[in-house]
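Those sequence lines, one after another, are chains A and B.
For the first sequence, this note's numbering begins at -16 and goes up steadily by one.
For the second sequence, this note's numbering begins at 358 and goes up steadily by one.
These aren't lab readings, by the way, just hints derived from the structure by calculation.
Since this is a predicted model, take the numbers as computed values, not measurements.
In this text, a Cβ means the ideal position worked out from N, Cα and C, and glycines have one as well.
Heads up, a few of these hints could be off.
Negatives, chain B to chain A, calculated, CB over 10 Å [what the hints assert, rightly or not]:
(1) Asp360
(2) Ser410
(3) Asn538
(4) Pro542
(5) Arg610
(6) Thr685
(7) Ser693
(8) Glu705
(9) Gly772
(10) Ala792
With a Cα cut of at most 30 Å, we get these calculated BS3-like pairs of lysine-lysine [to be verified]:
(11) Lys195(A) <-> Lys639(B)
(12) Lys195(A) <-> Lys569(B)
(13) Lys492(B) <-> Lys665(B)
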Amino acid sequence: MSSGAALSIHGMTAPATVQPGSVRELGEALARASAERLGVCIAGGGTKLAWGNPPERFDLLVCTQGLDSPCVVDADDLTMTVGAGVTVAEARTRARAEGRVLPLDAGERERATVGGVAATGDQGARGAGYGRVRDLTLGLKAVLADGTEVSFGGRTMKNVAGYDMTKLFVGSFGTLGVITEITFRLLPRADAEGLLLVPLASLEEGKTLAAKILDSNLQPLALEVISPCSTALVGADLPSRHADADGGPLLLAGFAGHPAALDRFVADVSRWSGGDGAGFLEGEDAEAAMDALAGFSAAAQPVDTDEAPGGGSSGTTRRSEDWVSCRGDGPRLKARAMVPISEVWALARMAESLAGPTGLPLEYRIGAARGILDLWVGSGPDSEEHAGSLTTWATALRSAAAATGGRLSVTSGLELLPEGFDAWGEAGASSRIMKAIKERFDPGRTLNPGRFVGGL
Amino acid sequence: MDDALLKELRGIVGRDNVLAGTVDLQTYEYDAWGERSLPRAVVFLRSTAEAVSVVKTLGSGGVPFVPRGFGTGVSGGALALSGAVVLELCRMNKILEVDVPNLCVVVQPGVFNWDVSLALAPYGYYYAPDPASLKASSIGGNIAENAGGPHCFKYGVTTNHVLGLELVLPDGEIVWVGGKNAECPGLDLTGVFVGSEGTLGIATAAILRILKRPETIRTMLGVFASVEDAGGVVSAIVAAGLIPATLELMDRRTIGAVEDALACGYPRDAGAVLLIEVDGLKDGMDETVEQIAAICRENGALEVRVAKDEAERANLWRGRQGTFPSITRLSPNYMSLDGTVPRTMLPETLRRVEAVAESYGLPVYSVLHAGDGNLHPCFLYDGTKPGEKEKAEAASMEVLRICAELGGTVSGEHGIGVEKLEAMPLVFSENDLRAQRFVKDAFDPCGLCNPGKVLPDGAGAPHGAAGGARAGARVSDV
């Protein structure tokens, strides 16, 4: 056992760590942990350990990186079966080598594992075109808390045999079992790919343009708006209007498909956006920029870097840190709101107007086609002073999201908020069923106890 | 039925909305699978509030119930076993809200699938899942069965289009799962409810994703000497990086049956036809169509017909849409299977299906959603002749075993219901079934909601509810 040893969850570390090298070893470890009534947390690459509430008990950390059965790519059937411990970057490379696309758009791909992505359902900007992780997962294998092995779904696009347990496990945050192997749907590589960068005068302008695109036949691969300072993330030559730091937000509209369809996409979106000032990236440049966008969802695991913003071509981690450094380096709170798509704009404006007067530095990424708003708030060097404002900010936004039928989760920096502030918010009436499911799968509350929605 | 209970039910929904006479009940004793089991009563629900009251009333008497739409399911999912009361949802048939800015529509469960798209047409949108029964089946039923259809290859099945649900749980409590943004932290209860065949509760409202109508749709028919050739083309199209909306394959016998019934101009001497549809932006579409036609020709197509106008397109589809009615004419009964295999295994699967048919002496007609690897071989038989039905059942089981063996599954879109309970162990271990039972038990600890479906006996059946169910089906079958 090596890399997992230092992993902590909300400042807590486990007295013991295990990295099973096989599904059988994992089963034995979980069976023993259940028998001894231990609290077990699970980590893949450890990129999303800041999600969720602190565990009720944390006696053992299970690292899944040893569950690295090689990727089996079936290029003709458009499927990939891969061990949960394999990184997203590795799995993507393997699909690419066969001329296919693994449609997972997770942040920190070099560390994040496919198992972690499946367990959290974390999807990035290209989810607009690719779909959600649950829609891309055809089947999976898992080990339950008592050590028994289960297998659901399969390698086919259609499957209605029995309950859709694959959906139940995707996004279940390790509370029902440890995912050991996953079969994903692959996509063919598109003939052409492009990304339009449209500088916006205001969020209102973004809302109008996004609505126009979404009400058209264009079907964007990605449709995001990022706050002015976070444009460093994209690492591209930005349009001149946008060069100064006081520029407005930036809309990114990605497309993949037939070259003639891409031309049409570019022409239509440019026309609707008033034409001038838009930047355009094509092919691998477009892909790289969309990859960089995923840096926004990277967890706050600071990595030191001396490189200048936008410089270097390496990892998204570095880029995201570059970006953060432009807004001071105090502790950061990260939140993700999920609301009906037309509501993201009002929520983003509210996040801004609430942060402004209290001096909280704020950056955002709006998933205009996904109804997802990612927010980063810096607390400044004097975090004591800002703690109260942060709490007010998060509470008000959470109520606003709830008023639209949506939710707001804190995905990092929970410790900046008062003790007991729930990372997920109100669980709602359906929480009763979730608890009933949890009781049956994991009666001893062995797996990730207390970390998920409703204290699951 | 117990008079007091009947009175109570009538008190909730009104006298006219409860059926209890034998003749009335016989209308509801079967679905499109064909086996029979007389329900204890039929209650027509008109609102979520009525659903709550009725479910609570039945629960307090320990009476099982079955939610039902229009009974078009083909695996017996709507059959009332164990003396269940049928809760008929066809009168909850309103489209509650069309929300274009949020790309969704909110509907009641009794709305016809087709009517959702009709209501969306003025806005330029539609609802993508299109089971063959779309004009006769309800959204509630589509959700229960996770219905598919010929356009799934590109657009996915029902579960990919359900964003949220209002559920009346088996104890009568109302909960919402998902929402206008399906992304919602917590266990994906929407995901597990869709396809649960009415065994976890009643969906009384659904939020569905809507899609813009494609700008262009192009339809073509590839004619091949053999199923192998057609199957090869399916793989070649995918290998070329194309995702057509539709890839439907029909074998020689099915072509003959369709021509006899509908005369839509499919070549009778062909070994297989492949119906291909592409949709999307008009830009580049001509090239894409030409590319697909070229792939067909390079892979042995005898002929490629591209529909020039809407009339020609409708004609090409007419044959596919009329497949099952055409087969129905040929024999008193047929058994339609729904196995699914990885796409590349289709030619081998079909070869083995032919061998099974031959060994049992049963004619087989095959139509396939080739893009999805979902095949529907139909075994013809005469149920009035002793032993024929058993023969068809045995042949069917063998085919499902073949699908499982080749890395596929026993049902792609029709559901397990009662029909395929025995096939479940082909694809699930005891542990897998036990985990599914956990879900059933969590939603429905008393086992009152559509007993006897999806999960085979054993595997820790709650309160033995599922135990008597199977027998019920068989007895009423006589």
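Checklist entry - Does the claim that Ser693(B) lies outside the interface with chain A hold up, using a Cβ gap greater than 10 Å? => result holds, 15 Å
Checklist entry - In terms of Cβ atoms, is chain A entirely out of 10 Å range of Gly772(B)? => result violated, 5 Å
Next on the checklist: If I take the minimum Cβ distance from Ala792(B) to any residue of chain A, is it greater than 10 Å?
Outcome noted: violated, 5 Å
Next on the checklist: Please check whether the beta-carbon of Ser410(B) is more than 10 Å away from every beta-carbon in chain A.
Outcome noted: Non-interface label on Ser410(B) holds, nearest chain A Cβ at 18 Å vs cutoff 10 Å.
Next on the checklist: What's the verdict on Lys195(A) and Lys639(B), does the C-alpha distance respect the 30 Å limit or exceed it?
Outcome noted: Holds: Lys195(A) and Lys639(B) sit about 18 Å apart, inside 30 Å.
Item to check | Asn538(B) remote from chain A - nearest C-beta pair above 10 Å | outcome: Its Cβ does come within 10 Å of chain A, the nearest being 4 Å, so this is violated.
Checklist entry - In terms of Cβ atoms, is chain A entirely out of 10 Å range of Pro542(B)? => result violated, 5 Å
Checklist entry - Taking the minimum C-beta separation from Arg610(B) to chain A, is that value above 10 Å? => result holds, 24 Å
Item to check | Minimum Cβ-Cβ distance from Asp360(B) to chain A exceeds 10 Å | outcome: At about 34 Å from chain A, Asp360(B) clears the 10 Å cut-off, so the statement holds.
Next on the checklist: Over 10 Å from every CB of chain A: does Thr685(B) meet that, or does the non-interface label fail?
Outcome noted: holds, 23 Å
Next on the checklist: Tell me if the straight-line CA distance from Lys195(A) to Lys569(B) falls inside 30 Å.
Outcome noted: holds, 12 Å
Checklist entry - Was Glu705(B) rightly flagged as not at the interface, with every chain A Cβ beyond 10 Å? => result holds, 13 Å
Of the hints listed earlier, those the structure fails to meet are numbers 3, 4, 9, 10, in rising order.
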